[in-house]
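With the hints as constraints, model all of the structure from the sequences given.
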Amino acid sequence: MKLPDRQTVATDAKLLLIAIPVAIWTILPIYHMFLFAISRKDSAFSGNIWPSHPTFGNFVTVFKEQHYFLNHFWLQFWNSLFIAVMTGVLTLLIATAAAFAVSRLKVRGGRWVMNLALFTYFIPAAFLAVPMYRTMGLYGLLNSQWSLILAMVTIASPYAIWVLKQASDKLPYELDEAAVMDGATPVQLFRLVYLPLMMPSLVAIGIYALLLAWNEYLYAFLLLSKDTSITLPVALGNFLSADDSPWELLMATGFIYALPPAAIYYVFRRYMVGGLTAGAVKS
Amino acid sequence: MATSNAPSAAVLLEAPAEKRRLTTWEFWGLMLIVPYVALFVLFVLYPVIYGFWLARHPHSYIDLIDDPIFFRTVINTLIFVVVGVLIKMALALGLSGFFMQTRPWIRWLSVLFILPWAVPSIPTILSVRFMLNPEWGMINTQIFRLTGEDGPNWLNDPTLALALAMAMHIWKSLPFWTLILLAGRLSIAGDLYEAASMDGATRWQKFLHVTWPSMQALFLTCTFLSMIWTIGDFNSVYLLTGGGPADLTHVLATLGIRYLRLDRVDMAMATIIFAMPLILPLVYIMMKRFSK
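Sequence lines, in order, name chains A and B. Going by the numbering used here, 84 is the number at position 84 of the first sequence; the sequence numbering is gapless. Going by the numbering used here, 430 is the number at position 147 of the second sequence; the sequence numbering is gapless.
In short, the hints are calculated from the structure, not lab data. Possibly wrong hints are sitting among the right ones.
Claimed, not checked - Restraint ranges, calculated between C-beta atoms of paired labels, are given here:
1. B:Ile362 with A:Thr228: 36 to 42 Å
2. A:Ser225 with B:Leu374: 37 to 43 Å
3. B:Asp440 with A:Ser245: 20 to 26 Å
4. B:Tyr567 with A:Asp5: 50 to 56 Å
5. A:Asp227 with B:Thr430: 41 to 47 Å
6. B:Leu395 with A:Lys14: 30 to 36 Å
7. B:Pro435 with A:Leu138: 42 to 48 Å
8. A:Leu197 with B:Met481: 28 to 34 Å
9. B:Leu469 with A:Met181: 39 to 45 Å
C-beta atoms are modelled at their ideal positions from N, C-alpha and C, and glycine is treated no differently.
Rendered as structure tokens:
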């Protein structure tokens with residue numbers, strides 16, 4: 001094997017000069033969270049870069065719900081999970097149906113629906129939150145987890161419809177025609193031809209909606225308030241209400257909360273990057 | 284043989300049958316589109332109309348403009364959106380070039396680089412918030428150990444706090460835009476660069492004459508879309524500074540929620556209506572670009 005020549009070494013050195021700051025910048029907040037999660041309170045508050053006595057005690061405290069702020073940890077974890085899964089399922093149902101109707105059945109007014117969806121997608125969710133909060137009150141849904149699920153489906157479905165319509169427009173129409181020739185009904189066409197071919201996009205969209213709901217903070221903290229019905233991010237925010245918050249427990253809980261989405265992202269990375277970024281920006 | 288079957292099938296489906304089939308298809312089309320339309324009417328259209336109705340009195344707007352923090356909030360939002368997004372997109376454009384380099388360790392770094400986008404923002408923003416704590420935070424402790432001087436009171440200075448909220452926003456969304464621009468760079472044909480190399484083009488000339496012309500439209504679309512999303516960024520400001528110190532780091536997104544929490548929903552809606560001249564032109568541009 002040949003030794004790398006001077007030119008390559010010089011380029012590598014220059015690249016490292018970019019890589020090191022980028023790596024530190026990226027990892028520091030997450031490392032700091034982990035550092036707190038494995039430190040006792042006195043060690044965490046000392047401002048050290050390395051943990052002096054690493055311990056998993058914080059995680060045990062969280063799992064056993066042994067702190068005032070953590071009394072309902074498992075229930076809140078379940079709430080987060082339930083809301084995320086329901087959002088994923090409902091978004092998939094609504095968006096797949098709409099994309100199929102517009103793209104394959106060519107329903108009248110389909111263009112209008114697509115434009116409405118696109119418009120909703122571009123309105124920042126933080127601004128829709130104010131009127132949505134009031135309307136949920138009128139509907140009598142405040143403090144019910146369904147208000148958060150419906151709000152999340154409302155926010156997730158425009159993008160979902162958009163991506164699914166793009167994907168289904170790419171399927172050859174000869175397939176539909178052949179199925180119709182064979183006497184397929186719209187339902188059979190949907191179930192036997194459309195769904196199997198759309199699987200990769202459906203996986204990406206289901207995960208997109210699920211993660212959106214799991215990660216949501218603003219809507220969750222506006223729409224839910226009871227300790228037993230809130231989701232984990234709201235519980236994390238509630239830690240700040242006390243002056244002497246147990247930050248090491250907050251960070252341990254935060255670390256547990258951050259793990260599932262990170263894991264899902266890396267497992268489904270192929271689907272996510274291909275399926276989502278392709279639709280996100282059409283140049 | 285297959286071709287000879289097709290016309291006969293078409294003959295069999297005569298006009299009346301054709302009509303009946305069309306109606307079942309139309310029926311299913313409507314059935315399948317109704318759930319989304321209902322969702323839109325119930326949770327977007329009606330709330331928006333109701334919201335405008337709540338903010339129908341002029342005194343809501345007068346109260347809003349009279350609020351001493353309102354003007355500051357508008358300036359903060361403009362700085363956040365223009366400066367924040369420009370820095371972010373410039374960094375994303377540069378870093379997408381960096382991640383084009385084919386080295387095994389750069390592949391590994393790119394996997395790590397995605398993390399801020401993949402993890403939820405609440406715990407990471409709170410982590411940074413404590414890191415910046417003037418007494419116990421890691422940053423100031425290290426500054427004190429290295430220099431013997433006390434570090435700045437990061438989040439207690441309005442300018443510094445707003446800058447840090449922008450940094451937080453950039454930290455979170457930089458990976459996403461870098462990835463999109465990287466996809467854009469990867470779709471540029473390699474022989475264009477080869478031809479440029481043959482002509483003795485420098486790295487900068489290649490960027491200016493090959494990369495930029497191919498990426499320009501994508502870069503602008505990304506910038507506009509990023510601006511819309513940045514106007515709506517609630518978490519970076521609210522969870523890092525809480526709008527403080529003395530409500531001087533609010534942006535329009537957090538100010539609206541602040542009024543809602545103070546039970547002044549009319550002022551919250553007025554704030555949103557004030558943001559419309561900022562958002563609607565961007566939305567219009569994006570609608571034109573996307574629905575082409």
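To see whether the hints hold, each was checked on the structure:
1. B:Ile362 with A:Thr228: 36 to 42 Å: Holds, at about 41 Å.
2. A:Ser225 with B:Leu374: 37 to 43 Å: Between A:Ser225 and B:Leu374, where Cβ atoms are some 39 Å apart, the hint holds.
3. B:Asp440 with A:Ser245: 20 to 26 Å: With Cβ atoms ~23 Å apart, the hint holds.
4. B:Tyr567 with A:Asp5: 50 to 56 Å: Given range 50 to 56 Å: holds, Cβ gap about 54 Å.
5. A:Asp227 with B:Thr430: 41 to 47 Å: 44 Å, holds
6. B:Leu395 with A:Lys14: 30 to 36 Å: 20 Å, violated
7. B:Pro435 with A:Leu138: 42 to 48 Å: About 47 Å separates the Cβ atoms of B:Pro435 and A:Leu138, which means 42 to 48 Å holds.
8. A:Leu197 with B:Met481: 28 to 34 Å: 44 Å, violated
9. B:Leu469 with A:Met181: 39 to 45 Å: Taking Cβ atoms as reference, B:Leu469 and A:Met181 lie about 41 Å apart, which means the hint holds.
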